[in-house]
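**Student:** Given the coordinates of chain A, work out where chains B and C should sit on it, guided by the hints.
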Amino acid sequence: MSSVPRMKGATKHIGISRKRTEDPLILMGKAKYVDDISLPGQVEVAFLRSSHAHADITRVNLAKAKAHPDCIKIVTAAEMDGGSVTYSDHQGNLQPVATPFFAGEKVRFVGEIIAAVVAPTRYIAEDIVDLIEVEYDPLPVIFDVEEAMKPGAELVHEEILGNVFFSNIFNKGDINKAFREADLIVRETINTGRTSAAPMETRGVIAHWEWDDTLTVWSSTQTPYPLRTNIARFLHFPEQNIRVIAPQVGGGFGQKAHLFPEEFILPWISKDIRKPVKWIEDRREHMLAAAQAKQQTLHIELAIKKDGTILGLKNKAIGDCGAYSMFPWGGIIEPAVGNTGLPGAFNFQNIQYESFAVLTNKMCTSAYRGVGWSAAVFAREMAVTKAALLLKIDIADIYYRNFIKKDEFPFLSATNQTYDSGDYHQVLDKCLEMSDYRKLKAQPRLLKNGRLRGIGISFFVEPTAWGSRVAEESGYRGITTHDSATVEMDPTGTVTVKSGQFGHGQGTKTTMAQVAAETLGVRFEDVRVLEGDTATGSYGMGTFASRSGVIGGGTVIRAATDVRNKLLKIAAHVMEANAADLIIDEGVVYVKGSPDRHMTVRELAHITYFDRFRRPNTDEVEPILSSKRHYDPPETYANGSHCVVIELDPQTGKIDITRIVAVEDCGVMINPQIVEGQMRGGIGQGIGMALLESLEYDKNGQLNNASFMDFLMPNACTLPDIDCAHIVTPSPVTDGGFKGCGEAAMLSVHCAFGNAVADALSVYGVLVPTSTPIGPQQVMNLIGSANEQR
Amino acid sequence: MKPAAFDYHRADNLQHACELLSSSGDDSKILAGGQTLIAMMNFRLARPKVLIDVSNIADGNQVLDEDGGIRIRATTVQRFVENSESVQQRFPLLCHAIEHVAHFQIRNKGTIGGNLVNADPASELPAMSLAFDAEFDIISVAGRRTVSASEFFVTYYTTVVAPNEVLSSIRFAEPPKNSGWGFHEVARRAGDYALAGSSAIVTLDAAGKCTRARIALFGVAATPVRATAAEDVLIGEAYSEDLLKASARSVQSILDPESDVHVTADYRRSVAEVLTVRALNDAFRRAKAVQ
Amino acid sequence: MSITVSLQVNGRNVSETLEPQTLLVDFLRNHLRLTGTHVGCDTSQCGACVVHVDGLAVKSCTLLAAQAHGTQVTTIEGLETEGRLHPVQEAFRSEHGLQCGFCTPGMIMSAVALLRRNPTPTEAQVREGLEGNICRCTGYHNIVKAILTASTHMPAQSAQASRS
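Heads up: the sequence lines are chains A, B and C, in that order.
Mapping of the first sequence onto the working numbering: residues 1 to 790, in sequence order.
Mapping of the second sequence onto the working numbering: residues 791 to 1081, in sequence order.
Mapping of the third sequence onto the working numbering: residues 1082 to 1245, in sequence order.
Okay, chain A solo, but in the shape it has when bound (with noise of 0.2 Å):
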């Protein structure tokens, strides 16, 4: 059991475990995701998909189709000729890729959308998809990305030379100087794996056009707001007419934060056919062609002196990023963003990078938990694992020698990221201590049931707060920016909030509410949080990004500040006070200093909307008690480490995880429990990525596990118990000093993960990953390499 502390300041609801609001109808069975809700008159679409990677369209054949007696319509390129997305905006050396809804005369993965047929239930649509016929020129599919990068290569879009889509340098310090007097350098090449996100809930549209011609889409979408302003861009409908409802939602992780074809092929075929249409993904689908993550090429370098001092680092990342730029975030957001977070918790100064997205025939990669950074923090740590082995000194003791210190804030990062704030030292004294990690350390790592111990640690920083300055700062215009929210206090006292965020498992719903009772004073239960519909909520970008504390937070406490200073100028009134005598808690306002001189907010609030002979004269003050502000935060950084200790069976290479620390500091926590919530998940989808997840692509660009039967993720038998702690530096620089979480583990516990199992395998010589997945395979691999090398 972990210790919460409550956070300093604390009042009545910020930093409480309350129970979330969301849970009874889950619970029951009662919440309604998109597949649950049905309308009158529904009828389903599924879509004829590529089994080719890379082939020419010869011909497609509807006549068998068509006649089915069922069939309601079909759709291909021909009918929405042209349609697609691009995202052009972004600094660096872009070349904008189009993501057509349908595939035209190419297609270029397996999966992409051919046809969409329409009839009453998806059984009856799939037998219809399956009269289809497709014929297929094939063409060499594009596999590996340096092969793509070569001169010459076969393209995947005739117009991007080289596959290379997008490309950056950057350059810091004195890099040459840094590698000249390094005692060390480490040279890596490491691959981590492509994955998925993989949502419980797979990804499911309706679309309904009425016949005022109003549109109605509900969408298993992270960014309700950004689809219905997209729809109207990318289909030229009236915006004021769209309404996007994002319903109860089965998890996201960044995958969700894409708009994808599916989501302007529903609303083109119900305006076309005056029918609500209905496509919920199946889990086959959803593996072909709902967005992949991760998969990224680094040839990392790393400058170190004898005495665990890093000088400076060297990376060139290539993303293998698929076949087009999934809108908005696009390939780009692996390599680019991944690079932008090499330095970490450490102070040198040199650095030089290169970041390459490059096109291949495969299902795009994009945003996934921990997107880019993933990738980048593993190369590097695997690098400064290697370095500790070969130098004899403790990982933990080089992260001592080159961390930021807690004087040193606000600190500018190689990269030129501004980090607020922080205690790293803290943090990481914490985390040897929860573990035993120096005690594990010092005993033997061979084990009297003949497995292999090995103790990992890791440590990291994570830019939260995705609002326009941290978007930039990663490379990023354009697309992120500020959020809003509107806070209104009824006549009867009772509060809602109409919030920009949306969660689909963050609890959004819960803590949102617990920042507007305690800005305004109110209780809990008496404020309602109203999200994930456009026609009742306030722009905002969405939750994604651990950024919903932060910025969601932020425009709560300030709507919500608005109305609690105008409610106490109307108490004022009323009350023959001093505005700044009075106070409000749990709902009743005292005069300080005189506790019998006290009214209720709903004695107040009716008054404000009912009273004229009491209220203040609404020349001065008007009688609504509602706000609507915007914040879009300045940068803040969290940071933390984790620890994993493991068993590896020197045989089989099996990996049993017996043990994982976790310590954070998110700043100013909301609520404890869900950050721990957060925390432990992203534990859970960060050990996936080290241990078991990897979709594999063969030569001829098929997917060989397109199903949960061969995608593995982790289940309860594969982790253990998770031990949490917190570290509270509150950020100086945020409204309400918090920090964001989420993401935290996947920039993290993997590399923990790594670093233990070279730490396991340290009995046969310096051994370190260097991909992911780090299954029996590589494993057995490792312990091979080491027999080859004697």
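Some hints could be false.
Unchecked claim - Selected chain B positions facing chain A (in silico; Cβ < 10 Å): (1) Lys-792; (2) Tyr-798; (3) Arg-834; (4) Ile-929; (5) Ser-969; (6) Thr-1054; (7) Val-1067.
What the hints assert, rightly or not - Capping the alpha-carbon separation at 27 Å, the derived lysine-lysine pairs in DSSO-like fashion look like this: (8) C/Lys-1226 / A/Lys-592; (9) A/Lys-172 / C/Lys-1226; (10) B/Lys-839 / A/Lys-66; (11) A/Lys-30 / C/Lys-1226; (12) A/Lys-64 / B/Lys-839.
These aren't lab readings, by the way, just hints derived from the structure by calculation.
Ideal Cβ placement from N, Cα and C applies to all residues, glycine included.
**Tutor:** Just chains B and C, lined up with the frame of chain A:
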């Protein structure tokens, strides 16, 4: 991922199922638990024209104690066998192996017969049929025949059961007294198909010498594999580490595993040897304990 | 071809004519509008679709509705009694054993079956009992904790509260 259309018949008993099979043409299939078949139908990789459902026949779950063995009705769900006291007492290895088949929710519906006829070489039960000298009772409208485990499996997902036949029951022979067992498998994740696995039963005489041995492996060839040469190495010998290694070493040469998205064929081959040593170790230890 | 399937769902007798290829999960969700049972993987790996058939936990995405003919089915909607949450549901809430909630109904149905068989499981037994249920949000820690908590709070008879 929805099944294509088919005609459906509910069989009253297995004889009825045979009659329905013979009257409904080649593309008809028996539906037992459906735990593999329906997933394949969801992918539309299987598209039977007719399904004959035996999943709800009367007395579908049946484990009968017989002299020197146990007879399990093919339609018996795996979880029923796993929970049977008689099987727990007389065939602890079989119970242990069944616990490794998928997840308990699947074993609540998946049948013993369905698993064996599906003949996935990575599954535990086909190997168990080899370890226990199983006999397969197969029926059709033409009559009844009995096939031994060594003849039953043909290749991947293929057995000698003809399209017009139904597996009726399986008899597992009880090993002699003074036997011990071992079972080891490696899976990427608990509940998954094994990357490779090995099971062993050894019988010892009063002097601790091996008089009988069964070694059955799974996940390492197109069918489950009984390693008779490895068994022969043990006969007449007492336990020693070297003996077990020598026995297990002879396993590798008879295996013909495949590479897949998880591991290579070489991995499977070498790990099969490791797991055989471990299975034999446990088997000798348990056999000594019952002496 | 159409067939008639008759069964009891959450204590109610139901008889429907349907196509034989109709999966049990689609029958529950689309015909009976009991949408608490979810489809996560279509291949019986993830457990989002777990329901009880004749008191046994099964995965309804790889069962035909026809196979449930004559049985008693309990879904997540049948677990609460008179508006009161089942102790397992309560424990999931107090221990924060859910985030997005999509796996939760299947997870709870598996947990109830697990506790019925073994009312006082160890942590290892709980984890083993959950190997057929995938959660992508929680890292399982709080789910395991919730089931252990429920096991200590569950009166003997509510271990059999499921109507099957």
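**Student:** Next, verify each hint and record whether it holds.
**Tutor:** Each hint tested on the structure:
no. : hint                   : verdict
1   : Lys-792                : 4 Å, holds
2   : Tyr-798                : 14 Å, violated
3   : Arg-834                : 7 Å, holds
4   : Ile-929                : 32 Å, violated
5   : Ser-969                : 26 Å, violated
6   : Thr-1054               : 6 Å, holds
7   : Val-1067               : 9 Å, holds
8   : C/Lys-1226 / A/Lys-592 : 45 Å, violated
9   : A/Lys-172 / C/Lys-1226 : 48 Å, violated
10  : B/Lys-839 / A/Lys-66   : 23 Å, holds
11  : A/Lys-30 / C/Lys-1226  : 24 Å, holds
12  : A/Lys-64 / B/Lys-839   : 20 Å, holds
Comparing the model with each numbered hint stated earlier shows that hints 2, 4, 5, 8, 9 do not hold.
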